[in-house]
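Numbers in the working numbering are just positions in the sequence shown, counted from 1, shifted up by 356.
Since the hints were made in silico from the structure, they are not lab data. Some hints could be false.
To be verified - Computed list of lysine-lysine pairs in DSS-like fashion (alpha-carbon distance at most 27 Å, straight line):
no., residue 1, residue 2
1, K432, K415
2, K494, K365
3, K529, K494
4, K529, K435
What the hints assert, rightly or not - What follows is a list of derived Cβ distance ranges for each label pair:
no., residue 1, residue 2, range
5, P491, D525, 28 to 38 Å
6, V533, P475, 16 to 26 Å
7, L444, A400, 20 to 30 Å
8, Q411, G442, 39 to 49 Å
9, A495, R422, 41 to 51 Å
10, G458, K364, 38 to 48 Å
11, G391, M357, 42 to 52 Å
A quick note: this is a predicted structure, and the numbers were derived from the prediction, not measured. Where is the CB? At the ideal position from N, CA and C, for every residue including glycine.
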Amino acid sequence: MSVAARAKKVRLALMDIDGVLTNGWIFHFVDTAGGLVEFKGVHAQDSIALSWLAQCGIKTGFISGRQSRGMEERLKLVKASYIYQGRLDKKNVLEEICRDAGVSADEALYMGDDLPDVPVLKSVGLAAAPANARPEVKAAAHLVTRRAGGEGAVRELVELVLKAQGHWDGLLKRFEVSVTIQRSKTKHG
357 MSVAARAKKV
367 RLALMDIDGV
377 LTNGWIFHFV
387 DTAGGLVEFK
397 GVHAQDSIAL
407 SWLAQCGIKT
417 GFISGRQSRG
427 MEERLKLVKA
437 SYIYQGRLDK
447 KNVLEEICRD
457 AGVSADEALY
467 MGDDLPDVPV
477 LKSVGLAAAP
487 ANARPEVKAA
497 AHLVTRRAGG
507 EGAVRELVEL
517 VLKAQGHWDG
527 LLKRFEVSVT
537 IQRSKTKHG
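Kindly produce the complete structure, drawing on both the sequences and the hints.
The structure is reproduced here in C-alpha coordinates:
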(Lines of atoms letter the chains of each structure in order from A and count residues from 1; the text may use other names and numbers.)
(Lines give C-alpha, C1' and ligand atoms only; values in the text may rest on other atoms or scores of the structure.)
Protein backbone atom coordinates (compact mmCIF):
# COMPACT_ATOMS: atom_id res chain seq x y z
CA MET A 1 0.00 0.00 0.00
CA SER A 2 1.33 3.46 -0.86
CA VAL A 3 2.17 6.08 1.77
CA ALA A 4 -0.62 8.31 0.40
CA ALA A 5 -3.16 5.48 0.76
CA ARG A 6 -2.00 4.89 4.33
CA ALA A 7 -2.24 8.63 5.09
CA LYS A 8 -5.78 8.76 3.75
CA LYS A 9 -6.90 6.27 6.44
CA VAL A 10 -5.41 8.15 9.42
CA ARG A 11 -7.85 9.06 12.20
CA LEU A 12 -5.31 9.24 15.02
CA ALA A 13 -1.83 10.84 14.90
CA LEU A 14 0.60 9.78 17.62
CA MET A 15 4.27 10.54 18.09
CA ASP A 16 7.23 10.59 20.39
CA ILE A 17 8.37 13.94 21.75
CA ASP A 18 12.17 14.08 22.12
CA GLY A 19 13.84 13.83 18.72
CA VAL A 20 10.51 14.12 16.87
CA LEU A 21 8.62 17.18 18.09
CA THR A 22 11.90 18.53 19.48
CA ASN A 23 15.40 18.22 18.06
CA GLY A 24 16.34 15.93 20.94
CA TRP A 25 18.42 18.47 22.85
CA ILE A 26 17.48 18.82 26.51
CA PHE A 27 18.89 21.75 28.48
CA HIS A 28 19.05 21.68 32.27
CA PHE A 29 19.50 24.70 34.51
CA VAL A 30 19.36 25.17 38.25
CA ASP A 31 16.92 27.85 39.36
CA THR A 32 17.50 30.24 42.27
CA ALA A 33 15.78 27.84 44.69
CA GLY A 34 18.11 25.02 43.64
CA GLY A 35 15.50 23.19 41.57
CA LEU A 36 16.21 21.68 38.18
CA VAL A 37 14.66 23.47 35.21
CA GLU A 38 14.41 21.74 31.83
CA PHE A 39 14.16 23.48 28.46
CA LYS A 40 13.22 22.02 25.07
CA GLY A 41 12.29 23.77 21.85
CA VAL A 42 9.36 23.06 19.54
CA HIS A 43 9.25 24.40 15.98
CA ALA A 44 6.31 26.80 15.54
CA GLN A 45 5.42 25.24 12.16
CA ASP A 46 5.09 21.83 13.81
CA SER A 47 2.83 23.29 16.49
CA ILE A 48 0.41 24.96 14.10
CA ALA A 49 0.28 21.82 11.97
CA LEU A 50 -0.77 19.78 15.00
CA SER A 51 -3.63 22.19 15.65
CA TRP A 52 -4.75 21.75 12.03
CA LEU A 53 -5.06 18.00 12.58
CA ALA A 54 -7.39 18.63 15.50
CA GLN A 55 -9.43 21.07 13.40
CA CYS A 56 -9.81 18.38 10.73
CA GLY A 57 -11.10 15.83 13.24
CA ILE A 58 -7.89 13.84 13.64
CA LYS A 59 -7.01 13.23 17.28
CA THR A 60 -3.39 13.72 18.30
CA GLY A 61 -1.34 12.17 21.04
CA PHE A 62 2.18 11.86 22.40
CA ILE A 63 3.98 8.95 24.00
CA SER A 64 7.30 9.76 25.64
CA GLY A 65 9.70 7.91 27.88
CA ARG A 66 10.53 11.17 29.66
CA GLN A 67 8.49 13.44 31.92
CA SER A 68 8.33 17.17 31.19
CA ARG A 69 5.77 19.47 32.78
CA GLY A 70 6.60 22.27 30.34
CA MET A 71 6.09 19.99 27.35
CA GLU A 72 2.77 18.79 28.77
CA GLU A 73 1.54 22.39 28.91
CA ARG A 74 2.76 23.00 25.35
CA LEU A 75 0.90 19.92 24.09
CA LYS A 76 -2.30 21.09 25.75
CA LEU A 77 -1.99 24.35 23.79
CA VAL A 78 -2.00 22.43 20.49
CA LYS A 79 -5.11 20.50 21.60
CA ALA A 80 -3.44 17.10 22.05
CA SER A 81 -6.06 14.49 22.95
CA TYR A 82 -3.57 12.14 24.61
CA ILE A 83 -0.36 12.87 26.52
CA TYR A 84 1.54 9.94 28.01
CA GLN A 85 4.91 10.67 29.59
CA GLY A 86 7.34 8.48 31.49
CA ARG A 87 6.24 5.43 29.52
CA LEU A 88 8.62 3.18 27.60
CA ASP A 89 5.95 0.49 27.10
CA LYS A 90 4.82 2.47 24.08
CA LYS A 91 3.04 -0.38 22.29
CA ASN A 92 0.81 -0.91 25.35
CA VAL A 93 0.05 2.82 25.37
CA LEU A 94 -0.80 2.68 21.65
CA GLU A 95 -3.32 -0.11 22.31
CA GLU A 96 -4.84 1.83 25.22
CA ILE A 97 -5.20 5.02 23.17
CA CYS A 98 -6.69 3.18 20.18
CA ARG A 99 -9.30 1.55 22.45
CA ASP A 100 -10.19 4.90 23.99
CA ALA A 101 -10.34 6.70 20.62
CA GLY A 102 -12.35 3.92 18.99
CA VAL A 103 -9.88 3.42 16.15
CA SER A 104 -7.82 0.49 14.99
CA ALA A 105 -4.02 0.66 14.96
CA ASP A 106 -4.34 0.50 11.17
CA GLU A 107 -6.02 3.94 11.31
CA ALA A 108 -3.21 5.42 13.39
CA LEU A 109 0.07 7.00 12.42
CA TYR A 110 3.10 7.11 14.64
CA MET A 111 6.34 9.05 14.26
CA GLY A 112 9.35 7.97 16.28
CA ASP A 113 13.11 8.36 16.18
CA ASP A 114 14.66 5.81 18.54
CA LEU A 115 14.60 2.12 19.43
CA PRO A 116 11.70 2.25 21.96
CA ASP A 117 9.51 3.49 19.08
CA VAL A 118 10.05 0.46 16.81
CA PRO A 119 7.32 -1.78 18.32
CA VAL A 120 4.76 1.00 17.80
CA LEU A 121 5.97 1.71 14.26
CA LYS A 122 5.49 -1.97 13.40
CA SER A 123 1.90 -1.84 14.72
CA VAL A 124 0.38 1.22 13.01
CA GLY A 125 -1.05 1.87 9.57
CA LEU A 126 1.39 4.69 8.81
CA ALA A 127 4.83 4.53 10.41
CA ALA A 128 7.05 7.59 10.03
CA ALA A 129 10.53 8.59 11.13
CA PRO A 130 12.23 11.98 11.01
CA ALA A 131 15.47 12.37 9.05
CA ASN A 132 17.49 12.24 12.29
CA ALA A 133 16.07 8.86 13.38
CA ARG A 134 18.29 5.86 14.11
CA PRO A 135 18.84 3.57 11.09
CA GLU A 136 16.88 0.75 12.74
CA VAL A 137 13.91 3.07 13.16
CA LYS A 138 14.06 4.27 9.56
CA ALA A 139 14.03 0.63 8.45
CA ALA A 140 10.73 0.09 10.32
CA ALA A 141 9.06 3.19 8.82
CA HIS A 142 6.86 3.51 5.74
CA LEU A 143 8.06 7.12 5.41
CA VAL A 144 11.23 8.97 6.40
CA THR A 145 10.78 12.74 6.28
CA ARG A 146 13.30 15.04 4.65
CA ARG A 147 13.32 17.23 7.74
CA ALA A 148 14.73 16.32 11.13
CA GLY A 149 12.83 16.22 14.40
CA GLY A 150 12.28 19.68 15.86
CA GLU A 151 12.98 21.18 12.44
CA GLY A 152 9.68 20.66 10.61
CA ALA A 153 9.43 16.85 10.38
CA VAL A 154 6.02 16.89 12.06
CA ARG A 155 4.80 19.63 9.72
CA GLU A 156 5.96 17.61 6.71
CA LEU A 157 4.03 14.55 7.93
CA VAL A 158 0.90 16.54 8.79
CA GLU A 159 0.85 18.17 5.35
CA LEU A 160 1.07 14.73 3.74
CA VAL A 161 -1.93 13.52 5.76
CA LEU A 162 -4.00 16.65 5.13
CA LYS A 163 -3.29 16.48 1.39
CA ALA A 164 -4.15 12.77 1.23
CA GLN A 165 -7.45 13.42 3.01
CA GLY A 166 -8.40 16.44 0.88
CA HIS A 167 -8.09 19.06 3.64
CA TRP A 168 -5.04 20.94 2.32
CA ASP A 169 -6.68 23.09 -0.37
CA GLY A 170 -9.29 24.32 2.12
CA LEU A 171 -6.55 25.23 4.55
CA LEU A 172 -4.69 27.19 1.87
CA LYS A 173 -7.86 29.09 0.98
CA ARG A 174 -8.47 29.87 4.65
CA PHE A 175 -5.09 31.60 4.76
CA GLU A 176 -5.69 33.26 1.38
CA VAL A 177 -2.97 31.27 -0.36
CA SER A 178 -3.62 30.64 -4.03
CA VAL A 179 -3.86 26.89 -4.59
CA THR A 180 -2.54 27.32 -8.15
CA ILE A 181 0.52 29.29 -7.04
CA GLN A 182 1.26 26.81 -4.23
CA ARG A 183 1.17 23.84 -6.64
CA SER A 184 3.38 25.67 -9.14
CA LYS A 185 6.03 26.37 -6.48
CA THR A 186 5.90 22.76 -5.29
CA LYS A 187 6.59 21.45 -8.79
CA HIS A 188 9.40 23.85 -9.64
CA GLY A 189 11.15 24.78 -6.48
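Cross-check of the supplied hints:
| no. | hint | result |
| --- | --- | --- |
| 1 | K432 - K415 | 12 Å, holds |
| 2 | K494 - K365 | 21 Å, holds |
| 3 | K529 - K494 | 34 Å, violated |
| 4 | K529 - K435 | 23 Å, holds |
| 5 | P491 - D525: 28 to 38 Å | 36 Å, holds |
| 6 | V533 - P475: 16 to 26 Å | 39 Å, violated |
| 7 | L444 - A400: 20 to 30 Å | 29 Å, holds |
| 8 | Q411 - G442: 39 to 49 Å | 29 Å, violated |
| 9 | A495 - R422: 41 to 51 Å | 24 Å, violated |
| 10 | G458 - K364: 38 to 48 Å | 19 Å, violated |
| 11 | G391 - M357: 42 to 52 Å | 49 Å, holds |
Checked against the numbered hints given earlier, the structure breaks hints 3, 6, 8, 9 and 10 and satisfies all the rest.
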